[in-house]
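K.L.:
These are the residues of each chain, in order.
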Amino acid sequence: MAIAPQRPRIYEGTRIPSPIPSVLELPQELRTSDDVLTVNFGPNHPSTHGVLRLVVDLHGEEVVGLAAVIGYLHTGFEKNMEQKSWWKAITYPERIDYVSFQYNELVFVLAIEQLLEVPERATWMRMLLCELTRIHSHLVWLGTAGLELGAISMFWYCFRERDRILDLFELVTGVRMHTRYFQAGGLAEDIPPGFFDECAKFVEVMPKAIDEYEALVDRSQIWLERTQGLGLLSADDAIALGQSGPVLRASGVDWDLRREQPYLVYDRVDFRVPVRQEGDVYARYRVRMEEMRESVRIIDQALRRMPGGPWIADDRKVVLPPREELHTSMESLIHHFKIVTEGYRVPEGEVYVTVESPRGELGCYVVSDGGPKPWRVKFRAPSFVALEATATCMRNALVADLIAIVGSLDTVMGEVDR
Amino acid sequence: MLNYNRVPGLVETREGKGETTLVVDAPRLREAARYLRDELGFNFLSDIAATDYLGWGGKGVSGYIGSAGGRDLNKPSTQGLQRLPRPKPRRFSVSYHLLMLRAGAGTRVRLQVWVDDAEPVPSVVAVWPTADWHEREAWDLFGIRFDGHPNPQRILMDDDWEGHPLRKDYPIGGEPVRFSGEE
Amino acid sequence: MERAVGLTTLEKAVAWAQTKSMWPDTFGLACCAIEMMSIVSSRYDIARFGMEAFRSSPRQADLLIVSGRVVHKMAAPLRQVYDQMLEPKWVIAMGACASSGGMFNNYTTLQGVDKIVAVDIHVPGCPPRPEALMEGIVRLHEKVLAGVPPAYELHGVGC
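Residue numbers (our numbering), protein chains in the order written: chain A, 1 to 418; chain B, 1 to 183; chain C, 1 to 159.
No wet-lab data here; the hints were simulated from the structure.
Computed from a prediction, not measured in an experiment: that's the story for all the values here.
The reader is advised that the hints may include incorrect statements.
Unchecked claim - With the Cβ distance kept under 8 Å, some of the chain B side facing chain C (calculated, not the full set): (1) D158; (2) P165; (3) I172; (4) G173; (5) G174; (6) E175; (7) V177.
As the list claims (entries may be wrong) - Some, not all, of what chain A presents toward chain B, calculated at C-beta under 8 Å: (8) P27; (9) Q28; (10) L30; (11) T32; (12) G174; (13) Y352; (14) E361.
Think of the CB as a built atom: it goes at the ideal place given N, C-alpha and C, for glycine as much as any other residue.
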């Protein structure tokens, strides 16, 4: 077996560039050099995940200057959501992070639900679907990261399981992506029969599939050389730069919102949080693989402990009454009318809710004025913050490493630009 | 419980829905940020959210208001929830969501400053480097200037875009749609 | 002799060749790009149409599948990529956002990519299922085989 390159593993001190933390500037001695080439990566590039533009200064093969330009997918979500009623606005957040779509719905709905009590069944089902979404997100990441580094067959293996997950979503909600299944108060509809059997089959197949992915690349010399020792980020730098999720845990910081500030029913299921100390691309890859295995365990426990009961809260001022009641009860008719035409109202206040999305800490800051429409909705996107760390991770990197490092930060441009 | 009484420039402390909001004076924001990071241990800046309160309480906020516990027929129909929202001190609020990232003891707090149009806010990039892009976004979408920011450029909109889109007096744009109730 | 040799016109032969290996350009923008990636995957397998070779360089691509919302900042790179493609070239506007702006009727989203490029096929959906996109591709193939010229010759931009 060939010798792995002797690259440094983790560093002391800080590598955050100064004065601008997110821009790696040309070193003084190269500013008048003729050998520096400024190259544009993107926005239409096969390997930057989406429409990211990196303006890179190259000295030979080495990256000596880097600036990320974003905004090529800024869709104006937040302003659009201010125009719609609370109910209609739930459709928008899904498309912000379009690879882990249910997390965005979840965080927005949790923010509204600070005033409601949600039934148990809905909470367990939300957790199950969110963990399925986490696996989905990691599979898409692994498939595309493998594709970019040259492990092309990984793409087809990962997307095989990803289609199984999307089949499960279609079974429950009717749509493959952007399911719009979470409602303020619970779920939109009850869980259809047949879902639990299909999900149980998936839970049996998935760990073997993860073994297959690891068999493909984990001991491949090319993969190890292209991922170990690159994109180093120390724990202090990661916290200063606001990193969270797998990037933070791969740098040695033991922090997972599911365990520290539990939401849904994460405090009642048993799962490990993988943490690694090296802070490089390989560590982030391993953290995500372990997370997929832990997600399968959580899904297994949720399947076995799913309670029966109602799937949405009973508060008729927020939730539509069941259709049978409309024939007999006048109040139900009025509630139905009010909710459909005007929308429900959320009392005045501001709230900031966070969840642990596959990319890190996804937060939603909602300000309500007591009216039927949101006053301000702001999403804290973990990929937006992850891109700030590109300049720090990219020190002493070569051109070929650029792709590996940007891929390991697992950015989704819909989130970054919103 | 943490003691927030010695935060420099503290104007008001609000508690609600399990969250603590510390309102500080805008010119003393950097001192307050350093105090919170170094003395109290809030080493993680999660988010900077700017909000425009132009037109707050103006329309559509009174009337049929819901509650978690249902209606009590013996009380008047609005059950005291019918009130106009409390007026805000200035036009813009900038909220810094902070987190004390320590396993087993994480705490969150919101640091808030209130400014008017064209009033600058001190930049906290020197305290938490991650504030770089958050402050650029607040400048781009709201027009709030951050004094001392090393790279105050637009980040999401085109470089030559005019106006600050997320302000309340900026139109939603787009194409008019016939027969639709939305604007 | 008819069993060993095929007789056709030059136009039909060229059209047949164009449809059997119409290489798309990697222009995935947002959520629709994820569904576009899944038609490359083994279940929906676009390789049976000869299209699994997504070319990164627009100069080697025949088909531009605009998958995702196009914002004003991205409109210039999109037009640049479209101009760099060599004729004959076709455009599929995949999804509601590329066709008409989708649910984002606001200051920053282009209300339909046909405002800047000439679109042959619009595929509705948010995002369209992989089968829907394949239907769009099959219809494009039928158009080409029937001799319909590409959109930039037919009606140009803005339709």
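K.L.:
Please go over all the hints and tell whether each is borne out by the structure.
P.N.:
Right, here's what the structure says about each hint:
{"no.": "1", "hint": "D158", "in the structure": "holds, 5 Å"}
{"no.": "2", "hint": "P165", "in the structure": "holds, 6 Å"}
{"no.": "3", "hint": "I172", "in the structure": "holds, 5 Å"}
{"no.": "4", "hint": "G173", "in the structure": "holds, 3 Å"}
{"no.": "5", "hint": "G174", "in the structure": "holds, 4 Å"}
{"no.": "6", "hint": "E175", "in the structure": "holds, 5 Å"}
{"no.": "7", "hint": "V177", "in the structure": "holds, 7 Å"}
{"no.": "8", "hint": "P27", "in the structure": "violated, 17 Å"}
{"no.": "9", "hint": "Q28", "in the structure": "violated, 17 Å"}
{"no.": "10", "hint": "L30", "in the structure": "violated, 20 Å"}
{"no.": "11", "hint": "T32", "in the structure": "violated, 23 Å"}
{"no.": "12", "hint": "G174", "in the structure": "violated, 25 Å"}
{"no.": "13", "hint": "Y352", "in the structure": "holds, 5 Å"}
{"no.": "14", "hint": "E361", "in the structure": "holds, 6 Å"}
When each numbered hint is compared with the structure, violations occur for hints 8, 9, 10, 11, 12.
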